[in-house]
Amino acid sequence: MRNDDKTVMRVRTGADLLIESILASGTDTIFGYPGGAVLPIYDALYGGKLKHVLTRHEQGAVHAAEGFARVSGKPGVVIVTSGPGATNVVTGLMDAMMDSLPLVVFTGQVASGFIGTDAFQEADVLGITAPTTKHSFQIKRASDIPRIVKEAFHIATTGRPGPVVVDIPKDLAGQVVEQVPDEEMNLPGYRVKDDLDIDLLQVKRLGEALSASERPVILAGAGVVHAKASELLLEVAEKFNVPVVNTLLGLGSFPADHPLFLGMGGMHGTYAANVAITECDLLVNFGARFDDRLTGNLAKFAPNAKVAHVDIDPSELGKNVKTDIPVEGDAKAVLNSLLMGSYPSPDTEDWRKLTAKNKMAYPLQYKIEDNQILPQQMVEWLHDYTKGEAIVVTDVGQHQMWAAQYYSFTKPNRFVTSGGLGTMGFGFPAAIGAQIAEPEKKVVAVLGDGGFQMTLQELAVVKERNLPLKVVILNNEVLGMVRQWQEAFYEERYSESLIPVQPDFVKLAESYGIKGVRVESEQEARQVLAETMTNNEPIVIDCRVKKLENVYPMVAPGKGLNEMLGVKA
Amino acid sequence: MKKVVQLLTNNESSALSRILGVLSKRQCHVESLSVTSDVFNPDFSNVTLVTDLKREEEASLLIKQLDKLIDVVEVKDLTIKGGVARELALVKVASPSDIRSEVISLAEPFRASIINVSRDALTFQLTGKSEKIDAFIELVKPYGIKEVSRTGAVAFIRNDQEDSSAKECSLALN
Ligand SMILES: Cc1ncc(C[n+]2csc(CCOP(=O)(O)OP(=O)(O)O)c2C)c(N)n1
Ligand SMILES: [Mg+2]
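Chain order of the listed sequences is V and G. Taking the working numbering, the leading residue of the first sequence gets 1, the next gets one more, and so forth. Taking the working numbering, the leading residue of the second sequence gets 570, the next gets one more, and so forth.
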């Protein structure tokens, strides 16, 4: 039979396998930036099914992927080129590592034969990223690509989630692959416990400790959000009558308007939350890692409490705080098991009266002195004009703390922030990623004037995709959090923290074809919020706020949680 | 306090750098490290690591952090599990003819064998617990040590079935 069929069989390359494997993982959107070493991959992407978001900087791509992952629960996927492309994602990898976000980042690499020769745009990506990733791979054979991609997604998304890097030499991406073995994953050193596989003995001890407690407190962190266990947390708190404190990253895991909620704990936590931690007799930590910004001085942390810690990562148990009841396991399964068990509810009435009294008597507060907008007010207005239903994404600094304190989060997955690493420049691209993950939802980026200037080039993406993203700059013309520390601990020597020279943010937005507006009074703010928070247009709001406002309460470094500054006298 | 840790790892160079990354992040001092290919599975390596920790609590955290590495298939703290650890050393001692027999007689109780003889030096090979090797080196120091090369400890669990007591293992490791 003569084969005069005109169809050209397109040969499959490593890059084709890569794209197929990414699609097979259930991913439909990736973030990235092209370059020499990933040309074969970008060629394979061309005109295909995988949606690619071209950010304007690799740092933007990785933070966007983080925001995407954080609100969707799906892994954020990134492709960057070798050398500078790869080094530009390191901050985002570390950020995702600290905050346990699932990312799969593909980095281009110079051709196999050139590795180790200081070739053009070569960087030792595995070396550079080892401490900033949960795991990393380098492709050695093109035919390994499907298996390794499967493994990378598996590692990123299971157990305690985290970032995974896959480094792909250019020649292997371009190589024609004849046979594609359908290989199983081969990860002998990676054991993921079944969600239901929890330490039942310790759960029993925890249940008994709860029943026996008089002054219990639950500390709920991001682990509850990751485990999708908010409803169970509510049930457990109500069943055992336990007041609840959130960590920064745990905000939303417990409804902020619930009578048992005491607010965020830690350095800028509420009086009621920090005092409750200090005075409790049982502290039950669900999925938080006792970060020093939460604990303050460890010697003074929960001094009278029996400590129980529920974490999916056994290496967190006992790491920072001595733990009496370590429970390795998924928060959801442990909460479930507590509800199933027959543990009598303790009588915590006196304790709850006390915590409720503290909450009433020492609320978060600010003082209105003139008609300048206070940043705290602006966050409250944002809450009102978005009915408290927006996904709020912040950068890092004072505005981040005000957003955490004043936007009462009642549902999980509505607060996106850089907690562990405190990465300025995170907020704006992360908001883009969040908006791409949730195109129908209201996403508001609450940013500082300093941090926005670190990644504002991504305005191009907002325009290009016509994202309905709302950008609110709480513009105090200072690196506010730095200035606050200089005021408190360095006798107001404002070394390099005043930044009065700024772009005109309105014109800047306009230069990208996005509407910008400046607001300087309550009336202007309310009017703009009323107009813009309900429409489907992007907007950049340059909100001028009082410059020297401070975030309170504050626990100074080295102090115990109960030694707060700025609490109502 | 000394900790002897035995690891089964993927046979990848990145495995070793990740293990050392955990140690250096925790500022643990590495006393010795030995790496060999696994006899049973060419995809794996055996690593024996001796580290000196300031506090006992650090040990369990270190083990958990090593275990968390995806390249680490198995990790055992031999100081708790009842391990046996041995080391090999080559020691070249200055031994001009007038004291040569004296040096040789010192080496005898250590069952050190002479593997090289030159005009003014002897090279001994000895195996045993690290402390035995330390003792030998101390003993011959006054004669002038020209060179020492040690493998660092290699170790495994003495008896898999019985969960040996901490006492037995400290005996074995001493
Ligand atoms: C990449 C990075 N560099 C430096 C810092 C230190 N830092 C923390 S908050 C802050 C000031 C942020 O200023 P701005 O974005 O204007 O926010 P504000 O505090 O004024 O709300 C700085 C410099 C950081 N967190 N991240
Ligand atoms: Mg500022």
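Just so you know, the hints here were simulated from the structure itself, not pulled from any lab data. In this text, all values refer to a predicted model and were calculated from it rather than measured experimentally. Just so you know, not all the hints are guaranteed correct.
[Said to hold, decoys possible] With a cut-off of at most 25 Å between alpha-carbon atoms, the simulated SDA-like pairs for lysine to any residue come out as follows:
{"no.": "1", "chain 1": "G", "residue 1": "Lys-571", "chain 2": "V", "residue 2": "Arg-191"}
{"no.": "2", "chain 1": "G", "residue 1": "Lys-637", "chain 2": "V", "residue 2": "Asp-324"}
{"no.": "3", "chain 1": "G", "residue 1": "Lys-594", "chain 2": "V", "residue 2": "Lys-306"}
{"no.": "4", "chain 1": "V", "residue 1": "Lys-204", "chain 2": "G", "residue 2": "Leu-630"}
{"no.": "5", "chain 1": "V", "residue 1": "Lys-515", "chain 2": "V", "residue 2": "Pro-500"}
{"no.": "6", "chain 1": "V", "residue 1": "Lys-319", "chain 2": "G", "residue 2": "Ile-632"}
{"no.": "7", "chain 1": "V", "residue 1": "Lys-140", "chain 2": "G", "residue 2": "Gly-590"}
{"no.": "8", "chain 1": "V", "residue 1": "Lys-319", "chain 2": "G", "residue 2": "Gly-697"}
{"no.": "9", "chain 1": "V", "residue 1": "Lys-319", "chain 2": "G", "residue 2": "Ser-582"}
{"no.": "10", "chain 1": "V", "residue 1": "Lys-411", "chain 2": "V", "residue 2": "Leu-421"}
{"no.": "11", "chain 1": "G", "residue 1": "Lys-633", "chain 2": "V", "residue 2": "Arg-191"}
{"no.": "12", "chain 1": "V", "residue 1": "Lys-319", "chain 2": "G", "residue 2": "Val-653"}
{"no.": "13", "chain 1": "V", "residue 1": "Lys-300", "chain 2": "V", "residue 2": "Gly-73"}
{"no.": "14", "chain 1": "V", "residue 1": "Lys-306", "chain 2": "G", "residue 2": "Glu-626"}
{"no.": "15", "chain 1": "G", "residue 1": "Lys-645", "chain 2": "V", "residue 2": "Pro-188"}
{"no.": "16", "chain 1": "V", "residue 1": "Lys-515", "chain 2": "V", "residue 2": "Pro-557"}
{"no.": "17", "chain 1": "V", "residue 1": "Lys-204", "chain 2": "V", "residue 2": "Asn-241"}
{"no.": "18", "chain 1": "G", "residue 1": "Lys-594", "chain 2": "V", "residue 2": "Pro-557"}
{"no.": "19", "chain 1": "V", "residue 1": "Lys-319", "chain 2": "G", "residue 2": "Glu-625"}
{"no.": "20", "chain 1": "G", "residue 1": "Lys-645", "chain 2": "V", "residue 2": "Arg-191"}
{"no.": "21", "chain 1": "G", "residue 1": "Lys-645", "chain 2": "V", "residue 2": "Lys-150"}
{"no.": "22", "chain 1": "G", "residue 1": "Lys-650", "chain 2": "V", "residue 2": "Gln-202"}
{"no.": "23", "chain 1": "V", "residue 1": "Lys-49", "chain 2": "V", "residue 2": "Gly-73"}
{"no.": "24", "chain 1": "G", "residue 1": "Lys-571", "chain 2": "G", "residue 2": "Ser-666"}
{"no.": "25", "chain 1": "G", "residue 1": "Lys-633", "chain 2": "V", "residue 2": "Lys-546"}
{"no.": "26", "chain 1": "V", "residue 1": "Lys-150", "chain 2": "G", "residue 2": "Glu-626"}
{"no.": "27", "chain 1": "G", "residue 1": "Lys-633", "chain 2": "V", "residue 2": "Thr-158"}
{"no.": "28", "chain 1": "G", "residue 1": "Lys-645", "chain 2": "G", "residue 2": "Gly-713"}
{"no.": "29", "chain 1": "G", "residue 1": "Lys-645", "chain 2": "V", "residue 2": "Asp-194"}
{"no.": "30", "chain 1": "V", "residue 1": "Lys-140", "chain 2": "V", "residue 2": "Thr-157"}
{"no.": "31", "chain 1": "V", "residue 1": "Lys-51", "chain 2": "V", "residue 2": "Ala-24"}
{"no.": "32", "chain 1": "G", "residue 1": "Lys-633", "chain 2": "V", "residue 2": "Tyr-190"}
[Claimed, not checked] Distance ranges between label pairs, derived from CB positions:
{"no.": "33", "chain 1": "V", "residue 1": "Leu-54", "chain 2": "G", "residue 2": "Ser-593", "range": "33 to 43 Å"}
{"no.": "34", "chain 1": "V", "residue 1": "Ala-299", "chain 2": "G", "residue 2": "Ser-682", "range": "53 to 63 Å"}
{"no.": "35", "chain 1": "V", "residue 1": "Gly-127", "chain 2": "G", "residue 2": "Lys-710", "range": "38 to 48 Å"}
{"no.": "36", "chain 1": "V", "residue 1": "Ser-112", "chain 2": "G", "residue 2": "Thr-720", "range": "30 to 40 Å"}
{"no.": "37", "chain 1": "V", "residue 1": "Tyr-46", "chain 2": "G", "residue 2": "Thr-720", "range": "47 to 57 Å"}
{"no.": "38", "chain 1": "V", "residue 1": "Arg-518", "chain 2": "G", "residue 2": "Leu-589", "range": "44 to 54 Å"}
{"no.": "39", "chain 1": "V", "residue 1": "Leu-54", "chain 2": "G", "residue 2": "Thr-720", "range": "50 to 60 Å"}
Where a beta carbon is used, it is the ideal one built from N, C-alpha and C, also for glycine.
Structure-based check of all given hints:
1. G:Lys-571 / V:Arg-191: Not satisfied, since the Cα-Cα distance of roughly 28 Å exceeds 25 Å.
2. G:Lys-637 / V:Asp-324: holds, 22 Å
3. G:Lys-594 / V:Lys-306: This hinted pair is violated, its Cα atoms lying about 29 Å apart.
4. V:Lys-204 / G:Leu-630: Cα-Cα ~24 Å, so holds.
5. V:Lys-515 / V:Pro-500: holds, 23 Å
6. V:Lys-319 / G:Ile-632: holds, 12 Å
7. V:Lys-140 / G:Gly-590: holds, 23 Å
8. V:Lys-319 / G:Gly-697: Answer violated: V:Lys-319 to G:Gly-697 is near 36 Å, above 25 Å.
9. V:Lys-319 / G:Ser-582: violated, 28 Å
10. V:Lys-411 / V:Leu-421: Since the Cα atoms of V:Lys-411 and V:Leu-421 sit roughly 24 Å apart, the hinted pair holds (cutoff 25 Å).
11. G:Lys-633 / V:Arg-191: Given that 25 Å is the threshold and the Cα spacing comes to 13 Å, the pair holds.
12. V:Lys-319 / G:Val-653: At roughly 29 Å apart (the allowed maximum being 25 Å), G:Val-653 and V:Lys-319 break the hint.
13. V:Lys-300 / V:Gly-73: violated, 36 Å
14. V:Lys-306 / G:Glu-626: holds, 19 Å
15. G:Lys-645 / V:Pro-188: Holds. G:Lys-645 to V:Pro-188 sits at ~16 Å (cutoff 25 Å).
16. V:Lys-515 / V:Pro-557: violated, 41 Å
17. V:Lys-204 / V:Asn-241: Since the Cα atoms of V:Lys-204 and V:Asn-241 sit roughly 18 Å apart, the hinted pair holds (cutoff 25 Å).
18. G:Lys-594 / V:Pro-557: Roughly 23 Å between the alpha carbons, so the hint for G:Lys-594 and V:Pro-557 holds.
19. V:Lys-319 / G:Glu-625: holds, 13 Å
20. G:Lys-645 / V:Arg-191: holds, 16 Å
21. G:Lys-645 / V:Lys-150: violated, 29 Å
22. G:Lys-650 / V:Gln-202: Between G:Lys-650 and V:Gln-202 the Cα gap is close to 23 Å, so the pair holds against 25 Å.
23. V:Lys-49 / V:Gly-73: holds, 21 Å
24. G:Lys-571 / G:Ser-666: Answer violated: G:Lys-571 to G:Ser-666 is near 40 Å, above 25 Å.
25. G:Lys-633 / V:Lys-546: With Cα atoms ~48 Å apart, G:Lys-633 and V:Lys-546 exceed 25 Å; violated.
26. V:Lys-150 / G:Glu-626: Between V:Lys-150 and G:Glu-626 the Cα gap is close to 36 Å, so the pair fails against 25 Å, i.e. violated.
27. G:Lys-633 / V:Thr-158: Roughly 18 Å between the alpha carbons, so the hint for G:Lys-633 and V:Thr-158 holds.
28. G:Lys-645 / G:Gly-713: violated, 39 Å
29. G:Lys-645 / V:Asp-194: Roughly 23 Å between the alpha carbons, so the hint for G:Lys-645 and V:Asp-194 holds.
30. V:Lys-140 / V:Thr-157: holds, 23 Å
31. V:Lys-51 / V:Ala-24: holds, 14 Å
32. G:Lys-633 / V:Tyr-190: holds, 13 Å
33. V:Leu-54 / G:Ser-593: 33 to 43 Å: holds, 37 Å
34. V:Ala-299 / G:Ser-682: 53 to 63 Å: Roughly 56 Å apart at Cβ, these two residues keep to the hinted range, so it holds.
35. V:Gly-127 / G:Lys-710: 38 to 48 Å: holds, 40 Å
36. V:Ser-112 / G:Thr-720: 30 to 40 Å: holds, 34 Å
37. V:Tyr-46 / G:Thr-720: 47 to 57 Å: holds, 55 Å
38. V:Arg-518 / G:Leu-589: 44 to 54 Å: Holds - the Cβ-Cβ distance for V:Arg-518 and G:Leu-589, about 53 Å, lies within 44 to 54 Å.
39. V:Leu-54 / G:Thr-720: 50 to 60 Å: holds, 54 Å
Comparing the model with each earlier hint shows violations of hints 1, 3, 8, 9, 12, 13, 16, 21, 24, 25, 26, 28; every other hint is respected.
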